[in-house]
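A.B. asks: Please construct the entire structure, taking both the sequences and the accompanying hints into account.
Chains as they are written, first to last, in this note's numbering: chain Y, 1 to 599; chain D, 1 to 156; chain P, 1 to 287; chain G, 1 to 360; chain B, 1 to 290.
Treat the hints as calculated values from the structure; they're not laboratory data.
All C-beta atoms in this analysis are idealised placements derived from N, C-alpha and C, irrespective of residue type, glycine included.
A portion of the hints provided could be inaccurate.
No farther apart than 25 angstroms at their CA atoms in a straight line, the calculated lysine-lysine pairs in the BS3-like style are these [unchecked claim]:
| id | chain 1 | residue 1 | chain 2 | residue 2 |
| --- | --- | --- | --- | --- |
| 1 | Y | Lys550 | P | Lys71 |
| 2 | Y | Lys549 | P | Lys71 |
| 3 | B | Lys230 | P | Lys199 |
| 4 | Y | Lys410 | Y | Lys379 |
| 5 | Y | Lys547 | P | Lys77 |
| 6 | Y | Lys549 | B | Lys230 |
| 7 | Y | Lys549 | P | Lys100 |
| 8 | Y | Lys547 | P | Lys100 |
| 9 | Y | Lys547 | P | Lys71 |
| 10 | B | Lys36 | B | Lys153 |
| 11 | P | Lys46 | G | Lys81 |
| 12 | B | Lys230 | Y | Lys550 |
| 13 | Y | Lys544 | P | Lys77 |
| 14 | G | Lys346 | D | Lys47 |
Listed next, the stretches of chain D that the computed footprint assigns to chain P, with coverage defined by at least 3 CB atoms under 8 angstroms from CB atoms of chain P [said to hold, decoys possible]:
| id | region |
| --- | --- |
| 15 | 15-29 |
| 16 | 52-65 |
| 17 | 91-104 |
| 18 | 113-119 |
Next come the chains, spelled out residue by residue.
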Amino acid sequence: MITLTIDGQQVEVEPGKTILDAAKSLGKVIPTLCYHPAVPAAGACRICVVEVVAGDRPGLVPACAYPAKEGMDIQTQSDRVMQSRRMTLQLLLARSPGAEVIQDMARDHGITENPFPERAKQTGDKSEKCIMCGLCVRLCQQIIGASAICFDGRGPDRKVSTPYNNQSDVCLGCGACAFVCPTGAIDPADYSPSPIEKIPNEFNCGLDSRTPIHIPFPQAVPNKPLIDRDNCIRFKTGGCGACETICPAGAINYDMEDEFVEEEVGAIIAATGYEIMDPSIYEEYGYGRYPDVVTSLEFERMVSASGPTNGELTRPSNGEPPKTIVFLQCIGSRREVNGKPYCSNICCMYTAKHAILYKHKVHDGQAFVFFMDVRAAGKNYDQFVRRVVKEQIATYVRGRVSKVFARGDKLIVRGADTLSGTQVEIAADMVVLAAALVPSSGIRELSQKLRVGFDEHGFLLEAHPKLRPVDTNTAGVFLAGCCHSPKDIPESVAQAGAAASKALGLVCHTRLSREPTIGIVDESSCNGCFECEGVCAYGAISAKELKDKKGNTLATVANINQGLCQGCGACAATCRSKSIEVQGYRDDQLFAAINAINR
Amino acid sequence: MIQKAKNETTDPSEWQPRIVAFLCNWCSYAGADLAGMSRLAYPAAIKIVRVPCSGRVDPMFVIKSFEQGADLVLVSGCHPGDCHYTSGNYHARRKLLAFRELMTFFGIDPRRFKISWVSAAEGAKWSNLVKEITDEVKALGPFETYSEILTGETGP
Amino acid sequence: MNVNSTVTESLQSAAATLLSEGKVGVVIGYGRDAGASISHPMFIRKPEDAERLVFDDCCFGNLAVYLPRDKVRSMGKIGIVVKGCDLRAINVLLREHVVKRDDLVLIGVPCTGQGDPLLHKCSVCEQHNPEGCDMVVGDPVEQPAIDATQRYKDAASLDDKSLEERWAFWSGQLSKCIRCYACRNVCPLCYCKRCITEKTIPQWIDTSAHLRGNVAWNVARAFHLTGRCVGCGECERACPMDIPLGAINQKMAQLMDEWYGFHSGLSPDEKAPFTTFKVDDPETGIL
Amino acid sequence: MRSTNVDEQTLYTAQAGWLKSAVDILQGAGVDVMAPVETEPGVVELATVKSSEAVTLDYQNVRLPLKRLFFPITEVVLEFKSQPEGDVDVQSEPLVSETEVVVLGARPCGVAALEALDKVFHWDYDDVRYSARRARTTLISFACTRPDAQCFCTSVGGSPHNTTQSDVLVYLEENGQALMQVCSDKGAKFIEQLRDVVKPAPAGTQPPAPPEVKEKFDPAKAKAWLDEHFESDFWTEVALKCLGCGACSYLCPTCHCFDIVDEANWQAGQRRRNWDCCSHPMFTRHASGHNPRPDQASRCRQRIMHKFKYFPERFGQVACVGCGRCVRACCVGQNLVSILTDIESKAKGGDKADVASTLN
Amino acid sequence: MSQALSTNQTGTLIPLDYMVLKMRIVSITDETVDTKTFRLEFCDAQQGEAFEFHAGQFGLYSVFGAGEATFCIASSPTETGYIECSVKRTGKVTNELHQCNVGDIIGFRGPYGNWFPIDEMQGKNLLFVAGGIGLAPLNSLIRNCLDLRDQFKDIAILYGARSVDDLVYKERLENWQQRKDVKTLYTVDPGGETPQWQGEVGFVPTVLTKMKPASQNTIVVVCGPPIMIKFVLAALVELGFSRASVYTTLENRMKCGVGKCGRCNVGNLYVCKDGPIFRCSDLEALPNEF
Ligand SMILES: Cc1cc2nc3c(=O)[nH]c(=O)nc-3n(C[C@H](O)[C@H](O)[C@H](O)COP(=O)(O)OP(=O)(O)OC[C@H]3O[C@@H](n4cnc5c(N)ncnc54)[C@H](O)[C@@H]3O)c2cc1C
Ligand SMILES: Cc1cc2nc3c(=O)[nH]c(=O)nc-3n(C[C@H](O)[C@H](O)[C@H](O)COP(=O)(O)OP(=O)(O)OC[C@H]3O[C@@H](n4cnc5c(N)ncnc54)[C@H](O)[C@@H]3O)c2cc1C
Ligand code: SF4
Ligand code: SF4
Ligand code: SF4
Ligand code: SF4
Ligand code: SF4
Ligand code: SF4
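C.D. replies: Below is the structure:
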């Protein structure tokens, strides 16, 4: 371990660490530009200089590249340091007048004027942002391994470019250069032969993008990053590995494979939730055509502090705050033709919530809500909606919107107010569509796997709507949340609790009891043809070997898992040798019933 | 000989057919129940055998019913897609339709064997259906083909 | 009788080799008794007996019927002489887990048809050359193009009749049935350990040979073979009362073909029509 | 051979057209006449006829054995019906009708088979239905003219001209005439009824020589081997190709095993007697699952043993008349004659030491 | 060959039309989970008076609509006015019979078959060995012999069952045990005993060997499952008994009961007529098909 002092504070670091590392571990901020933890430091921009007061070679050194040494005494804010930084900044300002970071930094360092005014003219050219730190070039060569970019030209003409200034065959279009560039001066689209595709951030409804390595969403469990192999350079070319270099915990392991985890379980709870339907099928609302028409879920993200705009509500078209907003309820819900005939249950409530959130963000904005009728059944729900109306947080208009179209930069929402019987037209900045809830995609496959039924809309079926709302007809499979029907969080949580306790009730016993309506195989006559297996909707039938005392297999016969069998009798009807009887509906019992008709 | 119980009154127009109906527990039986609860009258000629699922019905039940003197057999289950057991009625559909073709091929009148889908909510459909098929079988009259061979007197 | 001497010779040597190399414990093939009118099943267990195998145009039997038998299985791995059509029965047996492919050595025989005149199944046979066998003896034969409408002609000629005429026909035919169950025992697919006729609690089918019992039996038999019967024609050939059982099987095969595009026994991997379904299966005639 | 030693006194000649007259006369007398009828192409069965036109004389033998007339494929033995208060009415109706039956054109082998059946149905218990049917029936056999390759009556003590159990044996002649040999009182009565068309045969008349049926084995020699070989691999070999179907037994004129079953609905039913056969595995299976004849080998053995050893021991005759039906019926070519010739050559210690393999 | 015991071949023809006598169930006793004893009275009292049989004979009992089944008459010929049969539930008819109630009417045909050689047993020691439901036919004989106790010398009964629950006629077993003039030995298979069980534990043949019965002047009657009979016989031979002094009963399937249907045919014998009682020495001569 090496002990050194920074601004009077002692710190211990491992050998090989830089002064910057040491300062970081003390929580001290040393400004950097050309430094990126993933890229070997070059100390090129010299913004990170610190003063070595005592040590082998006192003087100014770049903190990012200078190794920490035993007994060093370092000042990060000394006059000498500040002077040097200011000088550096002034030079950078002159070199790269368009770089906002530099401007900001300069301002922070008390530089109010550009000392080299002749170069201060901004032309908007990207090269005016570049500070020639070469971080991108080092990254592309040393980390990505592509060497797609390099410095070209000399003196004032020096710039980052590709060999021969052409589009580069070797550029992967990964965008890492842009990612590390301290000034935003580089646009990989200039070099890449193929379009640079941003990776849409799923959690934010694709409203912003994310990196290949990312934490899926803020409350993810476990709250850990994952690598999206399809987009990761490491997996695409074998290069990069930046994340591994910087991960202090050494947690990155590229050899990890997706695993199929097989668990034997006593119960399964289906809680696969919902998606919202794509409202672009309704052309009249203009979703997909006008960027300012968004879905409720997108809106939810826009106003979220962890969202793409960090909670700032802006119009996607021009970044301005929407001064007039219109919420349309029942988009696709309660619509018999070309829609979902059911009520999505939660839209009334969240729209009211959205109106409030909107008012929080845009105090002087005006909100309108088009609704069919407000369904606010639930504890305190009606009061909540009434507050929104009463406090004029939003103007509720009862009626359907017939068309949304653009006029200038406004969206005209034309609809009917059925209460007053008038046509209304609102010029809005933003339109939010409360689209219908649908079961998550893949629900059919899932229902087949779990062997539970689904209704015509794909929501999983409960065993009984009143008496067994959490169970399914497949023993041991329970339902929670929106996979069963649209519902809000409290309802989902309540159902989840019920499902969990049902599941626990199952697994806490070593023996299960159930109604005796189950299939029983007559092993002496079963042929082992397994035609019955084919018709069992519950996968209750499997093979069983009958052995003699010596362990020789005498026959393979059907075996019915008594926990899974639901007693439908399809197997009994299919078995030719009549080797299955369903208790309670045995053949002789049914024959007796048939016999009785002759009375 | 194996006898048909005497239920024929002296007046042939009063002849009551015997109809055996295999109803799945969850849809058709509940539908018939609903018809009852809703006081929707339907002919009493129908004798219901409750089965868990239309998929439980082995086509040989139909033959058995004819052997016991049925003039018409009905199998009714949940509408496709609605099976309580997810797919029992799909299996039933394949088997029962093929069975009806087989009967027809032998010259056994297919009008004597009906298949229907009646849901738990379709009390009215049930009551109409029973009326219709009862009228139809009344028009057809007693199932001669089977009542002739019931005695077991024919043979090589 | 028309012995195909080239096939017979290669068959004999193939069987002898299999036996002497210990690859099989028995070869089931056809042999010929002096004065017999058909070539009958023969079980060869010693290489030197292989010379008694023949292949001619009277090899009617479907030898697959012996595969489920304990006695035969106890002889070891089974070599079995199969014509293209017999293979279909084996495919069904494989599908229904009655036999394992590893326990069989299939000795395929190209066949231009059996019987003089040709059996019906042979006149519409599209499997003159067996496929998927472990070995084929004899040269491939020419496969004539088949007129598919011929396939179901017996059923079709009855279908053309009125309901009453059909009942008159079938009640006449079925009242002949003496309930010997030869049709069942000869069928390679009627391998049930306990046939439905033997189930007494409850009694599914009256065992008496009166028309009531005979209709129930023949309906059950036909239905149990629907989607399974491979049309080998053995049941009809075995019936001592000459009941045209083939027409019934044809009718059901035709239905499976028309409704589900299904032909039984073409591969061991298919799913029997009654063990699967499609959501949009035909459903005309349901109220 | 029983038929060769003919007493001239019993011979009659019938003129052409006698068959028509016979049918008419018998009909007139209220007798049910059964005769060979071509029921479907190539198939001849005994059936009730109203006139001689329906009768065919062009047949080798009838498909179903004669036994069915006395011991039907299925017959009601009891009828029962529940009565109020839990009582049951049991009737042994319907008894056999008393109408006389004359069978014209049974084959001698089939008729001879009745000798064996008579013994079974009429030892210390007398099966009343069988006996009643036997009593009311007159059997007019037509001498066999067309034995085929499967026939072997001569090997089991019969002949194409066997008169055993026949009431009259008729030798048909080309020109429509016939020579008739009276074998019983019933036969004499028949001849008497036909007196207008039948005359005593001129002195010196001899029945024609029977067509040749090769003697293929000697049942006595076979029995000698059977006596010693209950346990033998031979049975396994014989049984290999046997499918265990009942075709051979059902068609056999001497096989007589039966089953008794009840068929009923909730209030009434019948007890029936149905043909059954020892090849079926369930035939002997016990409730415990134990089966005294557990495999096809023991069942095939039973069939041979019963016909050629047990029956002779118990009833003094072979239970086979050599009609060849079983051979014709078998779809896997199981051949009773080959089995017995093999047994015989084994008995002789012949070179067919490995008989087994010639059979399957 | 075999010296059949047939005692009823009278030479007179008895007409057979399969008619049954109607009998009413007057009591039902549960013996084990699957065995019940039925006491039956003739509906027609005159038939009852005329009815005679010998121990060891059987009848065909019918449940109308289900069919006929064979059971031996389990009561003693000395008891009149009724007969008893003990029936194990195994199939169609026995199943239906088990569902019958007191008062129901069933059909009966019989008695058929030969009987135990009770004349030959006079003045001899008797040893009865039974297993499981095999006590049913022996029950008739034992009751018969006990009713005529002074005609015989020592009487010993060895009875075994798989478990205590499988013992039939529990009350009667106790009665016999109380008697001074009968030696009784009851056993259950190892593992079948209960804590209260006072009797032996072990398989019947083993217990028999331990029991060391004297072979002189003794007639043995064995009834039970085929496997038990086989080993009991071996044990008896070991103990010096001659096979000719051992009798047993066979239970081949039968339908007619009178030597026609062919089912019970073993060699040239019919179990229904030449049996069901056989001398073990005679069985040796028969094909092993029982
Ligand atoms: C715009 C909007 C605003 C809302 N606001 C509110 C509100 O303010 N208050 C409120 O109470 N409710 C609100 N809701 C409703 C709320 O979102 C739902 O009630 C809740 O999310 C339902 O929870 P869930 O667990 O059923 O489903 P989800 O939250 O959808 O969770 C389902 C999970 O299952 C996963 N999954 C899907 N398929 C599979 C599969 N095959 N295998 C494994 N995992 C799978 C999904 O990825 C997802 O993580 C709002 C809904 C919307 C659309
Ligand atoms: C002489 C004799 C005395 C008998 N005494 C008794 C007795 O006292 N108590 C008793 O419980 N049983 C006795 N049995 C056995 C009894 O006859 C059968 O258990 C009974 O017939 C079965 O009839 P089921 O209709 O219930 O069976 P089924 O439904 O006909 O058959 C069920 C099973 O039983 C078999 N079976 C049918 N008949 C017989 C039979 N006769 N013997 C053995 N298995 C058969 C069948 O093959 C089948 O496997 C006796 C049998 C004989 C021959
Ligand atoms: S129970 Fe029936 S259908 Fe299932 S494997 Fe056994 S024989 Fe086949
Ligand atoms: S009864 Fe239905 S659920 Fe049970 S095993 Fe049979 S097919 Fe499966
Ligand atoms: S083979 Fe013919 S006679 Fe025999 S059971 Fe079958 S259909 Fe009937
Ligand atoms: S044709 Fe007959 S014997 Fe052949 S598979 Fe079909 S049903 Fe079986
Ligand atoms: S008819 Fe049906 S039950 Fe009988 S053996 Fe054939 S498949 Fe099995
Ligand atoms: S065993 Fe064969 S040849 Fe002999 S009588 Fe019977 S059917 Fe005819």
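A.B. asks: Hint by hint, say whether it matches the structure.
C.D. replies: Structure-based check of each hint:
Proximity of Lys550(Y) to Lys71(P) is assessed by CA-CA distance (about 20 angstroms); at most 25 angstroms being required, the pair is judged to hold. In summary, the hint linking Lys549(Y) to Lys71(P) is supported, as the alpha carbons are separated by about 21 angstroms, within the 25 angstroms threshold. The suggested pairing of Lys230(B) with Lys199(P) is violated, with an alpha-carbon distance near 32 angstroms, which exceeds 25 angstroms. Pair hint Lys410(Y) plus Lys379(Y) does not hold up; C-alpha atoms about 38 angstroms apart against a cutoff of 25 angstroms.
Under the criterion of a C-alpha separation no larger than 25 angstroms, the hint pairing Lys547(Y) with Lys77(P) is consistent with the structure, at around 21 angstroms. Taken as a hint, the Lys549(Y) and Lys230(B) pair is honoured in the structure, with Cα atoms around 21 angstroms apart against an allowance of 25 angstroms. For a cut-off of 25 angstroms, the pair hint linking Lys549(Y) to Lys100(P) stands: about 24 angstroms separates their Cα positions. Distance restraint check for Lys547(Y) and Lys100(P): the Cα-Cα separation of roughly 18 angstroms lies within the 25 angstroms cut-off, and the hinted pair is therefore satisfied.
The hinted pair formed by Lys547(Y) and Lys71(P) meets the criterion: a straight-line CA distance of about 19 angstroms does not exceed 25 angstroms. Between Lys36(B) and Lys153(B) the alpha-carbon distance is near 32 angstroms, which puts this suggested pair outside the 25 angstroms criterion. The suggested pairing of Lys46(P) with Lys81(G) is violated, with an alpha-carbon distance near 62 angstroms, which exceeds 25 angstroms. Pair hint Lys230(B) plus Lys550(Y) holds up; C-alpha atoms about 23 angstroms apart against a cutoff of 25 angstroms.
With a CA separation close to 23 angstroms, the supplied pair Lys544(Y) and Lys77(P) stays within the 25 angstroms bound. The straight-line distance between the Cα atoms of Lys346(G) and Lys47(D) is roughly 66 angstroms, outside the 25 angstroms bound, and the hint therefore fails. For the region 15-29 of chain D, the proposed coverage by chain P is not satisfied: 0 residues have a C-beta within less than 8 angstroms of a C-beta in that chain, short of the threshold of three. Counting residues of the region 52-65 of chain D whose beta carbon lies closer than 8 angstroms to any beta carbon of chain P gives 4, which meets the minimum of three for the stated coverage.
Coverage of a stretch by a chain is defined here by at least three residues with a beta carbon nearer than 8 angstroms to that chain's beta carbons; for the region 91-104 of chain D and chain P the count is 12, and the condition holds. Closer than 8 angstroms: that is the beta-carbon criterion, and the region 113-119 of chain D has 4 residues meeting it against chain P, so the requirement of 3 holds.
Comparing the model with each earlier hint shows violations of hints 3, 4, 10, 11, 14, 15; every other hint is respected.
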